[in-house]
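Line by line, the protein sequences give chains A, Z and B. Oh and the first sequence: position 93 is 412 in our numbering, straight run, nothing missing. Oh and the second sequence: position 718 is 711 in our numbering, straight run, nothing missing. Oh and the third sequence: position 176 is 178 in our numbering, straight run, nothing missing.
Treat the hints with care, since some could be wrong.
Quick list of the computed label-pair ranges, beta carbon to beta carbon [said to hold, decoys possible]:
| no. | chain 1 | residue 1 | chain 2 | residue 2 | range |
| --- | --- | --- | --- | --- | --- |
| 1 | B | Val82 | Z | Pro552 | 51 to 57 Å |
| 2 | Z | Glu437 | B | Asn109 | 52 to 58 Å |
| 3 | Z | Leu940 | B | Asp175 | 54 to 60 Å |
| 4 | B | Asn109 | Z | Pro475 | 50 to 56 Å |
These are computed hints drawn from the structure, not numbers from a lab. Every residue, glycine too, gets a C-beta built ideally from N, C-alpha and C.
Each chain is listed here by its residues.
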Amino acid sequence: MENFEPVIVAFCCHYCAYTAADMAGSQRLTYPANVKIIRVPCSGKVDALHLVKAFEKGADGVYVAGCLEGDCHFKNGNVRAARRVESVRKYLEEIGLEGERLEMVTMSAGMGYRFAQVATEMTEKIRKMGPSPIHLALAGGASEARQAANI
Amino acid sequence: MQKQQQVSDKVLVIGGGMGGIRAALDLAEAEKKVILVDRDYTIGGLMTQLDRTFPTNNCDLCTLSPNLSEGSRQEYIELLTMTTVKGIKGGKGNFTVSMETAPRYINLDKCTACGECYKKFPQCVRFSPGLDHRAPTCMRYPQATPQAFSIDLAKCDDVEGLMKCCPAGAINPDDMGRKFEVTCGSIILSPGGSLFDPSHLDYLGFGQQPDVVTSLQYERILSASGPTMGQLVRPSNGQQPKKVAWIQCIGSRGLQKGAGAYCSSACCMFALKEAIVTKERFHDDIETTIFYMDMRTMGKDYERYFLRAKNEFGVRFVRSRPHSILREEGAENLTITYSCDDKSANITEEFDMVVLSTGFRISDEVRLLAGKLGIDLNSSSFPVTDPFNPVATSVPGIYVAGVAQAPKDIPETMVQASAAACMAAADVAVPVKAEEDREPPPPEFATVGEEARVGVFICDCGENIGGVVDAGALAEFASQLPQVVVSELKGHGCSRQSMREIQESIRDNKLNRVVIGGCSPRTHETKFQETVRAAGLNKYLVEIANIRDQATWVHSNSPQDATAKAKDLIRMAVGSVIRSQPLVDQSLPINKDVLVVGGGVAGMNAALQLADQGHKVYLAEKTDKLGGLAARIHTTIEKGDVQTYVKDLIARTEAHENIQIITRALIVDHSGMPGLFKTGMQTGKQMFYRQIEHGVTVIATGAKPNRPPQYLLGENAAVSTQLDLQALLAEKPEMASAWDNVVMIQCVGSRDDENPNCSRICCQSAIKNALRILALNPEARIFVLYRDMRTFGFHEEYYQKARELGVIFVRYSREQPPRVKAGDGGIEVSFTDPVLGRELIVAADHLCLSTGMVADEDGNSELAMLFKLPRTADGYFLEDHVKLRPIDLPIPGFFVAGTAHSPKLINESVGQALAVAARARTMLASDTINLGARSAKVDKNICAACLICVRSCPFSIPFINAEGYSEIDPAKCHGCGVCVSACPAKAIQLMQFEDDRILAKLEELFERTNA
Amino acid sequence: MITAERKPLEELMEYIKPFKRILLVGCNECVTVCAAGGRKEVGLLASGLHMAVLKSGATIEIREHTLERQCDPEYVEELVPMIDGVEAVMSMACGCGVQEIARRFKNKPVFPAVNTKFMGASERQGVWSERCQGCGDCLLGMTGGICPIARCAKQLMNGPCGGSTGGHCEIGDDTDCAWALIWERLKALGQIERYVEITPAKDWRPGGGSGPRKIIREDLAE
């Protein structure tokens, strides 16, 4: 897969990360278009199932972006989210995907630059890792996936 | 019939610019009746002519237009355009104002702003702003209010043809205008300022050289709704300029013939913004140079903006006042001649375009109006205001806000407008609520069980979206999506016209779901929810695809990527909205009590205003007494007696029956929601715990005087801060009168790496104290070592006076700061004089450091954590919108006043406190608080009663009910969704964020990838 | 409640290797409460298996269904319309559920997706520990409400062994010594005299030592 452009899903909490994303917009900061945001009221709302489903549907990378520690508008949703991300990473490893394809990040509403930076770094990281084997299997059929899995 | 002595229930707002609109909205939301008059044919004022505003570089229209449509919709506001005030009688509580409305020749009720008249008879249709008088549309800006044209009958030679061309039959050549009288209890004067006209200054070439423009004209050239459709080109030849210069202080600081003696306060930022936007467009393909005297970026975080312009964008700064702008015979370019510190000879340099940063002035019209109102004016024709109440004029019941009060920028105008609304509201009677004054929206039509019929409306938002992607193609793309019945391109979806069209489309096409492809749901969801609701659709059946803030704005460098992403976002929104369901809002009675945190000048003023309006106010002060920092200050630069003022303020606060003062209050916990907060604090010497229930919270915790350990401060008795010095000058003047040499160093602990921002107040403190020393000892030699003198507004006159009286001002650079050592009985200060280019040494009897203010890091971080409030990098509280909502904090129900927001002067703190009271009133006027519909809902048929929701809810709301399943009270649920994601039976759904909608988004996103 | 834990994915992959279409069945009772086999876990496992299969280069279709209670035939009957379309069933219920499915659908292979662990209680969110071994002859009345059979590693009936130190069992510091707990409890109840009473050797037969157990309620049985 040359010129691989990863598809990355970012679950962003309304109060901090989503606002930071808007802030990046109003500051006209650029970041790769690979990142697609799904807005949730709190990062603690992000279901393990949705993280796994994103990969199942072909995401190359996923991250959950919540408020800075201590800043969650619902007390500790971001801490729960971090724990959940940790457990889903283990599950991904069990499935045979790199756990690093999933990340938890935090930022405040004013950190437009951090949003752009995280989006850029995540895209770069996933680009280096290459497409998710699931993405490959869905896109190119079984044979390519087999190659990717070195079978 | 109304009796003469009865207090009127109306406020008259004169001037429909941003300030007037803000004041009118605040009053209307607080359920006061307003008459808003503007002499122009649409409201909006100067701001609607700007391309973008500093420091966010947002386009204004998108943030402004919802405000404007709000303005026209509010049932409490009577809008009178093309109307001028002719005379006034009576006094506070009962003014009678005579007015005259000029003929518009268009029936406002009939005009649909279709534009036929303009197409056929362009010469007859009025249009005013900027440069070439014919912008592509003659509505002044795309969301103009009222959305109707205006005819200049004198310029029309075929009136009959004009009448015939109007499909709505709205043209009425017999319109006579009208003269009438209104009564009102108070008046807010917010006519704005006009701009200095440099035409008579022939050495600047303005009016002769087409490439010499004013900053507002340049703004129009940059503006997407301007004459060149946002193309930056030279007026002389239509080519892109390569080298643009800005010249500051045109018409300000008493420099030119006819210039005001004051500083216009906003032009430095204005020029920086224009230079940055120019650089953003053309990057290395254009050079930008700003010729300035002092860079006056003293607003909140403005210094960082200045640094960004310099360091990130490479804007060049030349400290010089050019003496002329010429064009050689036959030459294409302009030549600027100027001199610099480091060269003795004149320098000449060529530029393609020169922008004159013209300052504000009071127009003759406003001066005449002020005369009619009988208010006193100062020497620059601005109204004289109370030293401790910046909006109170010399006539009781008449208040002034915005540039008409003193030159200022938009956030300060917004603050003053709210402050004026607060004062004006107190002077009028409570209007009797008419029973049938609110027309109920049409009943919602049933959507449950019906197949989804989606309407997609894509905004181009001017250049914001349309400039990067082909918005029409997006609409075409969306029309192909399943279950999409209609897909249309809307210019500005948030304009009244578009909203009406969307509503019509909902009715005509029997739409039961709507997707808007536009800006952020954060800012516009409510607006579009109201739009669809008014068309009979449940308001939760609309979804916004954020294709602007999260696509075109951030991927403008790659239209292809932006387009692909916008398509994804639209498809995701359509997939999601199909699965949306009609929901009902929850509401609860509001608690009308107020908690004010901080008992300084700002806190007390806010408390008093709200207490006067009948609210119970808890005033929590950290220390054991009221007064804050102001209690240590003796006089203002205008010679206002601060001590007496603060004492009186404390006495009034302590005596007020509605105010409960809690000293030694330490806030320890906080919970609840806007309108229903609970805050716990430990109080008194024994630290007793008590909890207060309140509806809104005012943060007025102040800032701390800075005392950085520099220049021997704290080590040598001859070194003080300006704060110490002013106390000494008041308390032990004999000490100061013995001083021969005094040195003051500006920007100590400000504008450095540790504290990059400007402390705003120190330049005027230095001048104030210097003048006081000279009054004690006219022979004293005072040296002020400064980086930029930032005596904004009328402070400039004191700066000029200090120079006249012999105070020596010497500039130093950040790289070469003054050096200080203790000498015999004094301080030896050495510094480099940039004009002489030589090192000088002064043996000073006293060294005074202008140390300014810093945020109270410990206190603020604690409160920010408890209240979940964001802060700026330097620790001040961060407002919701730095331009348009400068005192609302991002958490609804929280407001900020005084130096907790940023460094400011006492009267500015008072203004902000009054403004907070007005903003708080807009919330407290209502009896209930709407909690929205976002709450967790349990499916009792599959709940396994496992208790996981009960245990995981951060607010302990779910419980297992008598029937054996989990129950969540929607009125108490905070809607975070934590229980939803924890439920192992998937028995809980969060309304508005249901699982199937999130999965649909994933599904739609990857459909393209995997196809 | 009966507790369970999902088996490693690798083991489950072996089971389903031969099949292209399987039905994954959850249970809304105990395994939901202990977060091992409810609707949520069914979804997670289905996705995980699907991905693991895709990654191996094959394809599979996994249908999901969660029954109210897998150990009751009427609920299992719900699967009838789905069963023909699949080649095998994987159950996320405890062993009872797995066997009920096997009993109902004679010619469909059925595989357990979880290891059924024990009868336990939840200590706090996310932590379950064993409380009962179903010995068939409850003696909690004698031991202050703490079961030495389920909670003593050696199932001692007359006080702790020599490995009890500081209230902990010798198998690990995170395990309480059941007899230390019993002692504290009896002390609190003022019944320490019970502690010295000798319990005779236990009859283990009601605990299942003599074949599968059965309960018949004459008044209810039809």
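Checked hints:
Hint check: Val82 of chain B to Pro552 of chain Z, Cβ distance near 56 Å, so the stated range 51 to 57 Å holds. Between Glu437 of chain Z and Asn109 of chain B the beta carbons are some 53 Å apart, a value that agrees with the proposed interval 52 to 58 Å. In this structure the hint that Leu940 of chain Z and Asp175 of chain B lie 54 to 60 Å apart at CB is violated, the actual value being about 28 Å. Take Asn109 of chain B and Pro475 of chain Z: their Cβ atoms lie about 40 Å apart, and the range 50 to 56 Å is violated.
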